[in-house]
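Asks: Chains as they are written, first to last, in our numbering: chain A, 534 to 650; chain B, 2 to 115.
Each hint can be trusted.
Across the chosen pairs, the derived CB separations fall in these ranges:
1) B:Ser6 - A:Gln589: 35 to 43 Å
2) A:Thr593 - B:Lys53: 35 to 43 Å
3) B:Asn52 - A:Ile579: 22 to 30 Å
4) B:Lys53 - A:Met544: 39 to 47 Å
5) B:Lys41 - A:Glu577: 12 to 20 Å
6) B:Pro96 - A:Pro563: 18 to 26 Å
7) B:Ser21 - A:Pro542: 33 to 41 Å
8) A:Gln645 - B:Ser21: 26 to 34 Å
Since the hints were made in silico from the structure, they are not lab data. Beta carbons: idealized from backbone N, C-alpha and C, even for Gly.
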Amino acid sequence: AQKITQTQPGMFVQEKEAVTLDCTYDTSDPSYGLFWYKQPSSGEMIFLIYQGSYDQQNATEGRYSLNFQKARKSANLVISASQLGDSAMYFCAMSALGTGGGNKLTFGTGTQLKVEL
Amino acid sequence: DTAVSQTPKYLVTQMGNDKSIKCEQNLGHDTMYWYKQDSKKFLKIMFSYNNKELIINETVPNRFSPKSPDKAHLNLHINSLELGDSAVYFCASSPRAGGNTEAFFGQGTRLTVV
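Given these sequences and hints, build the entire structure.
Replies: Rendered as structure tokens:
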């Protein structure tokens, strides 16, 4: 079974600083994908970044980068130059095969990030 | 222009009622999902359809019945609503069932059962 662990229920960061949100995972599948989603207070789920298990380089998308350490089974999200609009809940997720053969996302419990002035 | 849209956004209803949530995607994706987010913000998959065929059913009570009339639509019907069904329900879609692809989510439907 797949499992995602986010050990930081809440994080604070000052505006313009960088912040790292932790995520560790557990799976026996050799092929998997790791994702980060942002959920602002308005409630929608916004896809941020994806890392494939066979990707050699860490994924980057603008101010977001994913620090993928396969041996440690970690997929931390780094947000550079934090902005007030980054305040939100962040979910780490992993794709895994469901019982019928289709993929599903298994989510962590989330980290609530607050960016302060 | 909304990629994945669900209606309604809010739904308040009494225990015992039957209600439906509709979802449509205009991304041309083959696969659609229903996820449930509970009061502690934990997200869990309920169902997945690929080209109108049910491929994932994650031990959801049979009061919940998804229906996919075509690959662009996936509706969720809930019979005999219970207090514990109160949650945010998200529809999502992805390009295909297999492989590691991201899912694009709708804005969610907040269901409150009173």
